[in-house]
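Protein chains in written order, with the numbering used here: chain U, 8 to 920; chain F, 107 to 213.
Think of the hints as simulated: they come from the structure by calculation, not from any bench.
Even for Gly, the Cβ is constructed at its ideal location relative to N, Cα and C.
Some clues are possibly wrong.
[To be verified] Below are the PhoX-like pairs computed for lysine-lysine, each with C-alpha atoms no more than 20 Å apart in a straight line: (1) U:307 x U:295; (2) F:198 x F:188; (3) U:43 x U:32; (4) F:176 x U:32; (5) U:688 x U:621; (6) U:46 x F:176.
[To be verified] So, partial list: chain U residues that the calculated Cβ filter (under 7 Å) puts toward chain F: (7) 22; (8) 26; (9) 29; (10) 89.
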Amino acid sequence: MWTWRERTDEDFAEEIQTHVASEMKRLVEEEGLSFKDAKAQALRSFGNITHAQERFYERRTIAWVEDFRRDVTYALRSLRRNPGFALATILTLAIGIGSTTAIYSVVNAILLQPLPFPNSDRMVRVVENAVGGTGSVFQRGVTYAQFLEWRAHTTTLTDAAAIIPLFQRTTRTSAGTIAFSGVMVSSNMFSMLGTRAMLGRTLGPVDESNPDVLVLSFDAWQRIFNADKDILGRIVEVRSASNVPQSAWVKGVTPSRLMTVVGVLPEDFEVPTARRNFYAPVVLDASKASPRVTMIAYVKDEISFDAATEEATRIGTAISPPLSGDVRPAPGARFEVLQLKDQMIRQMRPALRVLLAAVVVVLLVVCANVANLLLARGRVRQREVAIRLSIGATRGRMIRQMFAECAVLAFIGGAAGAALGAAGVVFIKRLATIQAEGILRQVFGATILPRANEVGVDLRVLAIAFVIAAVTCVIFSLFPALHFSRASHRAAMASRNGGSERREGRIRTVLAVGQLVMATVLLVGAGLLANSFVKLSTSRQAYDPSNVLTFQLVFPDQYSVARKIDTIGMLLTRLRAAPNVEAAGFARHGVLIGEQLLIGNFVPAIRTLDEVRKDPQQPRVRSISPGYMKALRIHVVSGREFDETDGPSAPPAIVINRTIAQHYFGTRDPVGQTIEWYVEKQRTPMTVIGVVEDVRNESLNAEVYPEIFVDYRQFLSLSGKWGETVAGQHEIILGLLSFAVRTTNDPASAAPLVRQVIREVDPSVGIDSMLPMDRMVANRLARERFYAVMLGTFAVIAGLLATIGIYGVLAYAVVQRTQEIGIRMALGAQQREVLTLVLRKGLILTTVGIALGLVGAAAGTRLLEGMLFGITPLDRMTFVVVSSIFASVAIGACYLPARHATSVNPVHALRAD
Amino acid sequence: MALLQGTLDLLILRTLLFGPQHGHGITLSIQRQSEDQLLVDHGSLYPALQRLEDKGLITAEWGTSDNNRKARFYTLTKAGRKQLTAETQQWKRLASAIGRILGSGEA
């Protein structure tokens, strides 16, 4: 049937030639015609050879496929002749499709599927709301005892599981003692989450009778155990480090447990709410208070979350004692059922919404730009089209041709967009990743975006973006084509200034102004974020993070406070003596980790204890070592920081920060003043020996609060005096030991040396998350940097496209008015006047666009509230600077065509048709 | 006399009943057999041949003509033969019906 496929035009022509030749021969031989006449008659009798061939051709093939192929070839050729237009359109499309795809892929995946578990929409966490001693509302988990009762009585929840964090565990590896964090999980958790082990098995009810087993996380297996395939059955010593809070799993005084590795979890597994090295069955010490747990559960399908919360309050109130001590009931429900998914994304949802909005705006700008380009091209081709129509091309043919051209553009643009989208996803993932391990991983999180490592290009999104772009292409390339078909092509050839042309000009102007408006909104938004980011990263922190190596020290649990202090003392001495070390010291929960402790009351001579108790400005107490301020270059405003002379037997001394100094002493110099420290009915006069700059401890934009520093050695003897428990001493004086070592060379290169020193002093001491301080600062800025870079990229793209848009409109206007300009110049107009003529239009458009954009920005930047540091969403400075920069770029773009207009040669212009 | 619309296909098939033939040969054959009453428009012959080929009623292959020319020879297929029988009968019925109408008018 498809034999025609094998026949070529040449084949057919040859057959006809044979026929004509045979007929000629017959005419000559049988009818005696001359050769010349015979040829003429043979050809005549054949009719129109070309016609026959054409009819053959039309029959030969499914015409439009062939036509389309020809159109595509023609389109490619004509695009190659206009590389500027082709490149601009394809790039614009690629940017639009690529950025939309990348952002939507990431955001969709995160907003819709933040948890890698089946039915994660119904997964909840049960929490208790309360008001703490400082008056702030907080949420905490229920106790393990409550959890057990809960599980027995609930009718709204299925499959409840408890997760109990284990803090400060260590294990020994060939690289020394390292932090080894874990959680205890109820035996049904893995089956509830549908998790299968990658190696071995997960935990189950069988482990309740033999709890000395653990399952490793994929990360721990790789990092700590070098991805050892034979890990199953290996005995791992898990040491419990100092001051285990609440969840004391160790019975009696057993300092460590030998546990058998029974499985390794797959890479994508993460316990909701925590990343850990290992998972173990629940073992609790009945003699201690029931620890607080993370209780996760599924709400039954037919039950609403409100109903579940109602039941939670009922059960929770029935089985728990009333709140006591510092903790008071919070307004609203005491127990609450929270959707886990919502919890995970709540913090970033506004930001992701902003990004989504931004990318929609970019897509709009892209579409406007493509429309503009295609309209301009349609106009340029008007005469070509008119000529072709008048020599016999059909309208359908012309429309098909336009269609082919935009199909080619859309296809190439779409392909480039897909590639760009894939690259964009990789880029976003990299930008979202935080390089931190160990304890910092828990402080910062591994990534800004949950599950970002699993995000890939969403093909549906790609398809949608592609369709939007293609439809724009079709509409705006067919618009002029339809118009040609409607108008008399003779008129089109003759005139240059039809009414339709004016209408089209208006459309293009509106598109260009629209682009300016949208780009201004984005640029102002990005400007605010950038400004805020710069403010945050250059915010004068009281410390200097460069050339500082930080790490956390983890002691074995069985060490006494005295032994720890001895070890610390030795370590500090050795570190200070090491080459390239300028200073070394530590603070309990140091800078950027931070934890606030309120211990007793500090009463200066001019106040009474009662006054101080009612004072909302309660000073926080931090235990530090000599050298810490020097290592971090925290500015000492007056007096001095601690030194070796402030030992346990020296007169009790404190260093205070600027805030408390001003609060207590106003403008007077506090150095030498006495502050009485009241703890547990004990009263100790402390001498102020120095005032230091305020340090933002928790983060770069944390609040500054009054803070009092106490030397750790004196702290110990004082706490003994007021009868602090040993566990309390471990906790409030040592806690997490954040060391800072100032080096004269690159701090990263000092790391091996520091590790060696620590090993030499005591090989049982664990090191956690050793890294240069400026990387820690960078980690703290990661989220802000992410938002600023993302929105900034979009804004710059939109700005560029809008600039191209306004340039296009003006350049086209100049071409259109070449004749008019020529006449004006012939009549004696000066170059300057011509320049003004064109520039005026550009100025008006730019001003209108940017002004409208600023109005839009004023309304839109409210979305950024909460993402800004140190500026308001209506920051006047940002508005002014961004709009004036953008305006000058846009006017610069207007200047080019205006400049071109002045070079119009009147003679040529008038002669031009 | 020009051919009636739709009859060319039938005549081509009929001509090929006597063996493979090339385009020019088919033209001559039709003209001769109709005693030069019917003239084939050479220009419409080839589209007709192509049409028949597409329908699978004839096949074609290149060969050499009597005067040693390269020519494309057409052969009737089995389906073509069937079609020829059916169309011949239909044509005869049609012709006799028209003949009766015209004949009665003339008489």
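Against the structure, the hints come out as follows:
1. U:307 x U:295: violated, 34 Å
2. F:198 x F:188: With Cα atoms ~16 Å apart, residue 198 (chain F) and residue 188 (chain F) stay inside 20 Å; holds.
3. U:43 x U:32: holds, 11 Å
4. F:176 x U:32: Holds. Residue 176 (chain F) to residue 32 (chain U) sits at ~14 Å (cutoff 20 Å).
5. U:688 x U:621: holds, 17 Å
6. U:46 x F:176: holds, 19 Å
7. 22: Result: holds, 5 Å to nearest chain F Cβ.
8. 26: With Cβ-Cβ at 5 Å, under 7 Å, it holds.
9. 29: holds, 4 Å
10. 89: violated, 39 Å
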